[in-house]
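J.: One-letter residues, chain by chain:
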Amino acid sequence: MRESSFAPSRILIYLVVLLIAAAWLAPLAVVVLNSLRSNEEIAQGSMIGWPQHWAWSNYLTAWSGFCVAETCAGIRPYMLNSALITIPATIFSTLLGAIAGYAVSLWRFRGDTWIYGIVTLGLFLPQQMRLLPWTIVLRDIGLINTLAGLVLIHTIQGLSFTTLFCRNYYVAIPHELIRAARIDGAGFFRIFWRIILPLSGPILVVTVIWQFTHIWNEFLYGVTFTSGQQQPVTAALIALSAAVADIPQHGVQSAAVIIAALPTLLIYLLGGKYFVRGLTAGAVK
Amino acid sequence: MTNAVSIRPDRPALPEWVRRLPEYLMIWVPLLLSAAHLVSFSLWTIWISFTPSTLVPVSGWVGLRNYSAVAASRNWQIAFDNLLLFGSSFVLLSLVTGLALAILLDQRIRGENVLRSIFLYPLAVSFVVTGTVWSWLLNPGLGIQKLVHDLGWTSFKFDWLIDRDMAIWTIVIAAIWQSSGFAMALFLAGLRSVDADIIKAAQIDGAGPVRIYRRIILPSLWPITITVVVIQLQFAISTFDLVRALTNGGPGIATQLPALVVYDLMFQRSLLGRGAAAAVLMLLILLAVLLPYAAWRYIQRRRAAHA
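Here the protein sequences come in this chain order: B and E.
72 is the number that my numbering gives to position 72 of the first sequence; each next residue is one higher, with no gaps.
One gets my numbering by counting positions in the second sequence from 1 and adding 1000 to each.
The hints are simulated quantities; they were obtained by calculation from the structure and are not laboratory data.
Be careful, since some hints might not be right.
Unchecked claim - Restricting the straight-line Cα-Cα distance to at most 20 Å, the calculated cross-link-like pairs of lysine to aspartate or glutamate (EDC-like) are:
| # | chain 1 | residue 1 | chain 2 | residue 2 |
| --- | --- | --- | --- | --- |
| 1 | E | K1200 | E | D1106 |
| 2 | E | K1146 | E | D1163 |
| 3 | B | K273 | E | E1112 |
| 4 | E | K1146 | B | E41 |
| 5 | E | K1146 | B | E40 |
| 6 | B | K273 | E | D1106 |
If we strip away everything but chain E, and leave its shape as in the complex, we get (with noise of 0.2 Å):
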């Protein structure tokens, strides 16, 4: 003790590492605890996807038993259906309506900044929300069906809520308002940001305004398409309040979704290994969407850097 102070009789008396000790902890500690629960919890998931736990998690080896049990069950199958088409045609769907909203919007409106509002508000509700309202008014007995049929319309038809077929299709119609708006913000920044030079020369040229559009503004906005449509996908992907709210999965099985499943096969069957493994198989999915968008990145920025 007393040598530690003779040696460095300048310094304070606390070493420096218990004075930086308030620093270390804020700075490690929370990022820590974040990293940890990322690396931990997948890998917990994962370890218990290969065990036969039930009720509670007990180890045990079972390879890919629940894998295969996921895999081939029906609900599954439905599951996996559905987030293809689901998937794909909400996200071309809002792709295409976003762009098509940033186009209008970009063509010097007045009120723009309360029409963008207008589509951008469905993004602060919750899903619950948004779901419980679009459950009613595509609700035949309801909705939009019963008040044409008020009118006098009687033979008017809307009831894909309650149609195996089409029920899906009420929940790509629910994530399109919701989401549309989410793309056009992108869309519109992107739009903003191409150079105005080039686009004078072009008019100068004598290129129209839809010529403009087709051979310059469009092309130079598809990295910004890559963004949305990965995005969305991620969305599609993990889609679970809005179909809850919505259809609650049904008629019968109809609309369910992989995030259902998960949540169905851990906490309403108590089949933990299942549940699990049905997870890991989401996780698959998003990487399959994650992986190539991150490759097209890196190789987008080394560009960049070697440009």
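Here chain B stands alone, though its shape is the one from the complex (with noise of 0.2 Å):
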């Protein structure tokens, strides 16, 4: 809303701002770092400086060689957990979404604005009043302490965002077109196969960079519903930590952290603009 110039205004402004954007890369950096120094280097010093001698061997060490408890095959198991419910799971909770917001906004049927009002709850319901229901009904259908389990558990509480993403996207198609779709006799399948599904880039990006960087960062259900070597990434991390108390081993440890943070870092740098969109869309529900 001003002109551009080098009043010293300005100059104060872009200084600020670079403080700032400092401040928040520092953390990141400091990590980064850590992960080429070795564990020794660190124990002399801080956790703050940078590599004397780049210690790559620590990323190979958190990958497939430091020990959680008695497996020491590294964090690449749970990475590999990790992938197999966070990829299956934010599939299906999408596809599922996508059917279902189309279902509610533009098929219409009885019923369908009660419904979509209760799966919507599920946006605020805390993980804390689904805890023991969930225990107790993976107990039953045995898939306590299995990825399928997380993987069904992120699917059906991953349906109340993907229904509201669709949803509020699908209502701005113009009705006219399903009606004559429907006068000309397509099916429910066919209009959502021929007409919804091709206007649905955008909304099914913003609807999968959401659900896998929800899903893999989640922590609370992979450390309830999983243990050992059936748990996700996040759940890994804090036993590491906890597994390596006693004799740290914080260049390691930070290579772990870079690891299982780059899948998601990698999404958000390849489709940071769809993330974001995202987040508002979450917001204005």
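Quick one: dock chain against chain with the hints and give me the complex.
T.: Quick look at the structure:
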């Protein structure tokens, strides 16, 4: 709203913004640098410092070497667990959410506003209200301490978000389009496949990014419903810091943290615009 | 059988509802599962909170005994006080930080996209990672204090992480770092949607930028402010991972929060009835925030519809 010039006030603005940005980047920089310092080097100084010898081996140890409890397989099995939970749950919840969003916004059926209203309550209901029932249900259907159990949970719970995202996007599609297709004899699936899906590109990207980030980063369900070798990487990171509490290995731990954070950070870097759109869409519930 | 066919000979062999069964299943099964689990799980937890369940859920009725036991426990009292302090200071500070960042970025500065990405990237990272990293930075023997000592200023003290009275502020710091960007993103969208003509008119009338902000732009942001406050409060009430990774509730129980109490009661002490009661108390705290918000939204909408 002002003409850009090099008045002192503008220099001050740049100075303040860059200072805050540096503060925001500092934690990441510290961890990246630490992941390249040897455990001994960190033990001698502080965790904030420049690597004297680039200890790339930290990443190898973090990936496949260090021990949590009795198993010494590094972070790799837990990364795999997280991937095996996150990818199917993201796909299922997005697809089902798209169909549900289309059904409540364009197809319409008796009771649609009611059921949609209840489903969106899931955005607010604290996880703690569902912990005990999920424990009992998972045990009864034999899915406690399995990756499939977490896929099920994240799919069903994710529906609240995915249905909301897709429904809010689809209400903008003109109803005449659907009506005309129905008169031509197109059914529910045909309309979804031929008309809705081709229009859904942006919202599916937003939904997939949102779901992937949230499920990958989720901790409470992971730590409650799985143990040992079945845990997702967030729970394994906590177990790791507890396991090495006596003899800290901060270099290796930093590398593990970077590896664990990498998938969602990469998705953020590649799809930042869609990530932000998901944030604001979730906010204006 | 033959009758049905002969009455409507032009119909396909399969009745309508069978033909449309896949469609009904696809519409109803996911939505019903989602809705049913939300309703039944909530009622289930509420029911358990009134039973004498300990290791396993049992039937029986103890009235409000679990609630009074939770409310009387030191653990919950500290958690509740912490929530008030953490919730109010975190929400206020992230609001101020977010608004300041949004206003700064709104000054037509170069590299706005890069800067925005920098302020938002913590949101892509898990609370476990955030908590772990900040637990290193704030650890007096490892992080900032150690660095300053190594640089020669040995009397420097920054040991909130192990200070009972100050430890809760380490969670505030990490939470602000993690989610101020969110407030910034919403405020920035709000700043950009202020009517440019009004601003131009004010400029023609000779109003300076400070005056324009104070009189025109900031007042138009208050609906966004309320949304941000509610969402951040919702986050504060359910905070679990961040504390687990940063302080694990300590030192002692100094940084206990309701979500940690629930987990502790349910899965570490196997007091399911009390755990469920604590979860319901969390829900009530949340409702105390959300219901007024919902009422406000409803009134706003009715006003908009009448105008």
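J.: If any of the earlier hints don't hold here, list their numbers in rising order.
T.: none
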